[in-house]
Amino acid sequence: MVDRIADPWGARTPYPRGGDWPVRVDENVEGPVDRWVQSACGLCSHGCALDIGVHDGKIVGVRGRDVDRVNHGRLGPKGLYGWHANNAEDRLLRPLVRRGDVLQEATWDEAMDLVAERSRESLATKGSGALGFYTTGQLFIEDYYTLALIARGGIGTNHLDGNTRLCTATAGQALKETFGCDGQPNGVHDIEYCDTILHVGINTAETQTVLWMHELDRLRGPDPPRSIVIDPRETESAREAQVHLAIRPGTNLAALNGLAHELIEDDRIDRAFVDLHTIGFDALEKTVSSYTPERVAEICDVEADDVRRAAEIIGEAEHLLTFVLQGVYQSHQATASACAANNINLLRGMIGKPGSGILQMNGQPTAQNTRETGCNGDLPGFRNWQNEAHVADLARLWNVEPMQIPHWGPPTHAMEIFRYAERGSIEFLWVIGTNPAVSLPDLGRIRSILSQEGLFLVVSDAFLSETARLADVVLPAALWGEKTGTFTNTDRTVHLSERAVEPPGDVRSDMEIFLDYARRLGLHDKDGQPLVKWTTPEECFAAWKECTRGRPCDYTGLSYDKLRGGSGIQWPCNNEAPGGTERLYQNLTFPTFAEVCEDFGHDVQTGATFSEAEFKALGSEGRAILKAAKWTPPHEWARDEYPFALITGRTVFHFHTRTKTGRTPELEAAAPDAWVELCPEDAERLGISQGELVRVSSPRGSVEVTARVTGPRQGVVFVPFHYGYWDVGDDAGPDGRPRAANELTMTIWDPVSKQPQLKTAAVKVEKVA
Amino acid sequence: MKVGQLLAHVEELEAALAADLRAAAERHRDDHDVYHQCHTFAATADQRVEALAPLKQRYEGKAVWSTALESGSADLLEDLRWIYLRSQEAAITWVMAAQAAKAARDKELLSLATDCQTEVETQAKWFTTRIKTGAPQALVVG
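Residue numbers (the working numbering), protein chains in the order written: chain G, 1 to 769; chain V, 770 to 911.
Hints in this document: simulated from the structure, not taken from any laboratory.
Do not rely on the hints blindly, as some may be mistaken.
[Claimed, not checked] With a cut-off of at most 35 Å between alpha-carbon atoms, the simulated DSBU-like pairs for lysine-lysine come out as follows:
id	chain 1	residue 1	chain 2	residue 2
1	V	825	G	630
2	G	630	G	353
3	G	58	G	562
4	G	616	G	286
5	G	353	G	545
6	G	545	G	526
7	G	630	G	545
8	V	901	G	526
9	V	871	V	831
10	V	876	G	286
11	G	58	V	876
12	V	831	G	630
13	V	901	G	545
14	G	58	G	767
15	G	562	V	831
16	G	616	V	871
17	V	876	G	545
18	V	825	V	771
19	G	126	V	876
20	G	562	V	876
21	G	616	G	353
22	G	616	V	876
23	V	901	G	630
24	V	876	G	533
25	G	764	G	126
26	G	286	V	871
27	V	901	G	616
28	V	831	V	876
29	V	901	G	126
30	G	545	G	562
31	V	871	G	353
32	G	764	V	901
33	G	526	G	616
34	V	825	V	876
35	G	286	G	630
36	V	771	V	876
37	G	58	G	533
38	G	545	G	616
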């Protein structure tokens, strides 16, 4: 096999515009294989289909599935090597319960009795609002839907959110604001038909390697697309672009408003489309009228001519595809900026057609399902919390009273859940498959909340993460490959992932753990029958299908059998579209009808919520909504004592807080420790050379990491967010040599999507003597 | 003509609103969205005062009206309600300014007053949103 650490994207297989992307099967197997078991990769939002190789009851490798629409056989480096984590020696094998200062092994009965008892105590003394659940973007549909039913329908708490709040909340929110409902408009195959790609805050080459292969193979073929990249760093994508706008962090909205301004000014817009299929043009035109290339150049610190050139290329496009990711979602004015990206395609009338449209990307493999099932600040099936008919319908499915399901406000977002815990208002918090002690902003504060007296912390994980170390009860959970379920990638492709091996020790799947919890709490429906009616993943999937019936994310045409053997299938999949749906909105009718939409939307400048009456007054009725906002300076702007803007992000070799990738020898060796990137001019001025130890400090904390003199624009530093403290000795850690990027970041979130802003902190940089 | 009096009053209200927003922000530093949003809104209140200055010169007059609401609170909900009402007070006064501008045939003032009214009302709506989100927990769970 090619060394895919040295060459993350493998050999090129170029193809022409409109041609089929050739198949290339990537495989990494260590030793003989007894049988292959169908699954998909869980290490980024692309969700490549693969088969798991099993020998003697152990995972020994993976092979890309050539029949699958998403990857045509390819896998990225994380997918090829990451399965090693399943076999790691430090897997949690039994529940742990805190006794004094130490976590000690316990039986499931001991651990779950304690979890149930503490839940009942909080329910009795303070009510359902004293319990919170913080989950992930890496479980399966069956796990999430069970959790959503238990938390919202059983316990009746509004405090259920996912770490998808950090990765993909803005993608979902921007789709709701513009189109009325979540749902990726386009699919990855639109790369094959486009003539222009606009990348806004997305580093595809590192975050979604197989998507990058798909794109790079077009770029190397005849008639390649032209490309524009908006990103403060000189990434692989930026090096391939015709125009790279290396903007100052926190200025996405100004750049995008500038592009809209130029398109309108040069009359490069599709007036007929805008008149027939959108509302809000006049307000948009007024808002962007002052964003001349010169003003944008000043705000973003780029050349005015580059803004003009980018707008020209977009204006000349006949098939424009726009990609958006964390550079927007985790930055200042996130939702307003993501909506501004939607606006570009709408102004050009380029959506719902092959090669024309938008991919508001996801970060995690199953983030889409967190959003769909009601674990990320929405009600299940993209139901609208302000729509009484939607709530009544959900109550009917669950056989509970509508009032049992909290819907007096939007479901509580993660940062507010932690604030309630900080205030002592939430006293029972269950963290599932995520690691807030490394991934949330301002870690000093988060560690103090998680260790707080009076907070009962339950953590489900496969490993003793930094968060699990602070828990009162730790529940060992099965990993991918050890349980059966389904999940949906960033372009709505649903895959079945079958159990390939038995979980080790006493480990249980998340769904089994939730079912046990519901039984111990005695949760019941309004007729006194058990609330959760299923016991197997497949029964849960059947219930989930019913929950989606008639909704935009319709799964009713899918089944485990249909997902076996061939390719993954894109929702909506139902009687009208039994083979799935390649792209949404082909008829140019959008789900902006009051009775259908998932959200009545917000003023994207402030985050003020619109009521049903205000939404109806807009009169969208199936037309897309152009939402505009003015650029404002970020809340922390690099200057004086802290002259650099910090952006955090990923490396191609790691995922999240390295819980799995840090236990994969090849990936760990490729990127064993944290670093800071700064440009040669800044490095020289500060007297810093490649490889030297550097201290990066913000008003909240500091990290000590080695310098890489490379990529970002002047005045910007980049620190990867993957590194915490689980694998370093006691002399390291936050009080020794801190290295977690979130020691530096600030507690602030987007007013609309509530996504934390991890890319706008101000820092100073100095050599460690 | 009392347009000058009214504009002087709007200016006072907006300057006071900016100060109130900043004071409320500091009272609730640990409710980070309130903290940052209040500072953001305060900056827009400053901008409204600035935009008003040339128009104020056009109409003479001193502020003779007094504000209806005097003080804030350390309690988050109570304070949010107070700021909401302060914003509404500024907004309705901008409505008066817009009406006066129509009768005075002053297009520039009409445009400014209309924009400011919309902006302040939207900011007040943010406080409604925040109160609706926070009240159930504060009042029922504690």
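Cross-check of the supplied hints:
1. Pair hint residue 825/V plus residue 630/G holds up; C-alpha atoms about 26 Å apart against a cutoff of 35 Å.
2. Between the alpha carbons of residue 630/G and residue 353/G the distance comes to roughly 30 Å, so the proposed pair stays at or under 35 Å and holds.
3. In summary, the hint linking residue 58/G to residue 562/G is supported, as the alpha carbons are separated by about 27 Å, within the 35 Å threshold.
4. Restraint check for residue 616/G and residue 286/G: the C-alpha separation of about 22 Å stays at or below 35 Å, so the hint holds.
5. Distance check on the hinted pair: residue 353/G and residue 545/G sit about 28 Å apart at the alpha-carbon level, within 35 Å; holds.
6. Between residue 545/G and residue 526/G the CA atoms are separated by roughly 22 Å; this keeps the pair inside 35 Å, and the hint holds.
7. Using a Cα cut-off of 35 Å, the hinted pair residue 630/G and residue 545/G is violated, with the two alpha carbons roughly 41 Å apart.
8. Restraint check for residue 901/V and residue 526/G: satisfied, since their Cα atoms lie roughly 28 Å apart, inside the 35 Å limit.
9. Restraint check for residue 871/V and residue 831/V: satisfied, since their Cα atoms lie roughly 21 Å apart, inside the 35 Å limit.
10. This hinted pair checks out: residue 876/V and residue 286/G have alpha carbons roughly 17 Å apart, not beyond 35 Å.
11. Between residue 58/G and residue 876/V, the direct Cα distance comes to roughly 78 Å. Violation of the 35 Å bound is thereby established for this hinted pair.
12. The hinted pair formed by residue 831/V and residue 630/G meets the criterion: a straight-line CA distance of about 33 Å does not exceed 35 Å.
13. Restraint check: the Cα-Cα separation between residue 901/V and residue 545/G comes to about 33 Å, which is no more than 35 Å; the hinted pair holds.
14. At roughly 47 Å between alpha-carbon atoms, residue 58/G and residue 767/G are farther apart than 35 Å, so this suggested pair is violated.
15. Only pairs whose Cα atoms come within 35 Å are accepted, and residue 562/G paired with residue 831/V is rejected, the gap being roughly 77 Å.
16. About 29 Å separates the Cα atoms of residue 616/G and residue 871/V, which keeps this hinted pair within 35 Å; it holds.
17. Among the hinted pairs, residue 876/V with residue 545/G is inconsistent with the structure: their alpha-carbon atoms are about 58 Å apart, more than 35 Å.
18. The hinted pair formed by residue 825/V and residue 771/V meets the criterion: a straight-line CA distance of about 12 Å does not exceed 35 Å.
19. Distance restraint check for residue 126/G and residue 876/V: the Cα-Cα separation of roughly 57 Å exceeds the 35 Å cut-off, and the hinted pair is therefore not satisfied.
20. Note on residue 562/G and residue 876/V: the hinted pairing is violated, with a Cα-Cα distance of about 66 Å set against a maximum of 35 Å.
21. The straight-line distance between the Cα atoms of residue 616/G and residue 353/G is roughly 28 Å, inside the 35 Å bound, and the hint therefore holds.
22. As the CA atoms of residue 616/G and residue 876/V are separated by approximately 31 Å, the hinted pair is consistent with the 35 Å bound.
23. Between residue 901/V and residue 630/G the CA atoms are separated by roughly 26 Å; this keeps the pair inside 35 Å, and the hint holds.
24. Between residue 876/V and residue 533/G the alpha-carbon distance is near 66 Å, which puts this suggested pair outside the 35 Å criterion.
25. The hinted pair formed by residue 764/G and residue 126/G fails the criterion: a straight-line CA distance of about 44 Å is larger than 35 Å.
26. Between residue 286/G and residue 871/V the CA atoms are separated by roughly 22 Å; this keeps the pair inside 35 Å, and the hint holds.
27. Distance check on the hinted pair: residue 901/V and residue 616/G sit about 21 Å apart at the alpha-carbon level, within 35 Å; holds.
28. With a C-alpha separation of about 22 Å, the suggested pair residue 831/V and residue 876/V falls inside the 35 Å cut-off, and the hint holds.
29. Our distance criterion of 35 Å between C-alpha atoms is met by residue 901/V and residue 126/G, whose separation comes to about 20 Å.
30. For the given pair, residue 545/G sits about 14 Å from residue 562/G by alpha-carbon distance, which is consistent with the 35 Å threshold.
31. Between the alpha carbons of residue 871/V and residue 353/G the distance comes to roughly 48 Å, so the proposed pair goes past 35 Å and is violated.
32. Taken as a hint, the residue 764/G and residue 901/V pair is broken in the structure, with Cα atoms around 39 Å apart against an allowance of 35 Å.
33. As the CA atoms of residue 526/G and residue 616/G are separated by approximately 34 Å, the hinted pair is consistent with the 35 Å bound.
34. Restraint check: the Cα-Cα separation between residue 825/V and residue 876/V comes to about 14 Å, which is no more than 35 Å; the hinted pair holds.
35. For the hint pairing residue 286/G with residue 630/G, the CA-to-CA distance comes to about 10 Å; that is within 35 Å, so the pair holds.
36. A threshold of 35 Å between alpha carbons decides the hint, and for residue 771/V with residue 876/V the separation of about 18 Å falls inside it, so the pair holds.
37. Using a Cα cut-off of 35 Å, the hinted pair residue 58/G and residue 533/G holds, with the two alpha carbons roughly 32 Å apart.
38. A threshold of 35 Å between alpha carbons decides the hint, and for residue 545/G with residue 616/G the separation of about 30 Å falls inside it, so the pair holds.
Hint check: violations occur at hints 7, 11, 14, 15, 17, 19, 20, 24, 25, 31, 32; the rest are consistent with the structure.
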